[in-house]
Amino acid sequence: MAAPAINPIEQFAITPIVSATIAGKDFSFTNSALYMLIAVGLACALMMIGARGGDGIPGRLQSLAEMAYEFVAGMVRSAAGEHGMRFFPMVFCLFLFILLSNLVGLIPHAFTVTSHIIVTVSLALLVFFTVVIVGIKENGLHFFKLFVPSGVPIYILPLVVLIEIISFLSRPLSHSVRLFANMLAGHITLNVFGGFVVMLLGAAGAIKVLAVLPLAMTIGLDALELLVAFLQAYVFTMLTCMYLNDALHPGH
Amino acid sequence: MARDDDDEALRARLDNLSGALKAQRQKPGATPPQGGGEESRDGFGSAMSLGLRAASEFAAAIVVGGLLGWQLDRWLGTKPAFLIAFFLIGVVAGVWNVIRVTSPLSRARTPVKDVPNNELPKAPAGDDEDGD
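Residue numbers (the numbering used here), protein chains in the order written: chain G, 1 to 252; chain B, 1001 to 1132.
Chain G with its partners taken away, still in its complex shape:
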């Protein structure tokens, strides 16, 4: 009976909460914007409450905030060196935003901001242009040594440079698609298996018992999604650090 109502894509629909049109463009406040605000608000709350210090005994929130700081700071230092710590604010913001969006999205009926490629592409392009601009500003033309590996014979150098350029240009794509595809696929899978439970419960008689199987699968997948949510935030941040390292120390 409930079968036709289940549409695994429906969860990604963007619906305006407050409609607004400015100069012919749609500036509505959507559910996507709402959940971005929630993620940002959670990040702010975590850091502000966590950093308050108070009575000297670190509370749970404070140690959570410190863990997040230590984790990202370690990542930046190991991938981009001490110089890279100048980018720590940006990297930390990216990490918290992605992680919290992913985690908030796991709550049933919540909207997952990072399952929309426009969001992940914006984040990836932000990193990409930061790398290019900072790289050129810091190193001038030396930045383009990134495309010229040393020790390559001159006659295949043009080809290698071309390959390096394509490889460089493919970064924002793989950077964004990875996060987007993981969140999208994970949520669709969860929804499909959740849908099986409903469909089997709607079936006649003893078949209802079988609903336990997809339910178990859903629980397992939920745990996996929790891992993926964290992992993708980690991978995105890690790659950001590695790309920033290229901006600071292009080919020697």
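Any given hint could turn out to be false.
Unchecked claim - Some, not all, of what chain B presents toward chain G, calculated at C-beta under 10 Å:
1. S1046
2. E1057
3. A1061
4. D1073
5. L1076
6. G1077
7. L1083
8. I1084
9. F1086
10. I1089
11. A1093
12. N1097
These are calculated hints, taken from the structure and not from any lab test.
Since this is a predicted model, take the numbers as computed values, not measurements.
Don't be surprised by glycine CBs; every beta carbon is placed ideally from N, CA and C.
Chain G is already provided as a structure; the job is to place chain B on it using the hints.
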């Protein structure tokens, strides 16, 4: 130049703030809290992330190569020539990406924790440049 000044100031500030903390951490046996959680997640998690990374980097390079060739063809009116050439170069770049992602396994996998970070920047940077 501005960068050196900034870094100097930043480093001085950081040292100031975290000098005692660092000393504490350098003591053997004082570190487990931050290491422990990482390691347990390491096996399955990092294997999965590595696999996904390799796959997406491979695909992304091909797509970018193909798009570049397609666009060049549109500009120059040489219908399939550049598309074919750049698609193939994209495949090469994809394979190169995968090699790069998978070969420095040790570097990608261990977020360096307890190494004193004075000389640290140089080492990974050098590694990376070889890979690139």
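Hints, one by one, checked against the model:
Because the closest C-beta pair between B/S1046 and chain G is about 8 Å apart, less than 10 Å, the hint holds. Given hint, B/E1057 at the interface with chain G, holds; its Cβ is 5 Å from that chain's nearest Cβ, closer than 10 Å. A least Cβ separation of about 4 Å between B/A1061 and chain G falls short of the 10 Å threshold, and the interface hint therefore holds. Among the interface hints, the one on B/D1073 is violated; its C-beta lies about 16 Å from the nearest C-beta in chain G, farther than the 10 Å criterion.
Taking 10 Å as the C-beta cut-off, the interface hint given for B/L1076 is violated, the closest approach to chain G being about 16 Å. Taking 10 Å as the C-beta cut-off, the interface hint given for B/G1077 is violated, the closest approach to chain G being about 21 Å. With its C-beta approaching chain G no nearer than about 13 Å, B/L1083 sits outside the 10 Å limit, and its interface hint is violated. Using the Cβ-Cβ criterion of 10 Å, the hint placing B/I1084 at the interface with chain G is not satisfied: the shortest such distance is roughly 14 Å.
Interface hint status for B/F1086: upheld, as the beta-carbon distance to the closest one in chain G is roughly 8 Å, under 10 Å. A cut of 10 Å between beta carbons decides the hint on B/I1089: the least distance to chain G is about 6 Å, and the hint holds. The interface hint given for B/A1093 holds, since its Cβ lies 4 Å from the closest Cβ of chain G, which is under the 10 Å cut-off. The closest approach between the C-beta of B/N1097 and any C-beta of chain G is roughly 6 Å, which is under the 10 Å cut-off, so the hint is satisfied.
In summary, the numbered hints that this structure violates are 4, 5, 6, 7 and 8.
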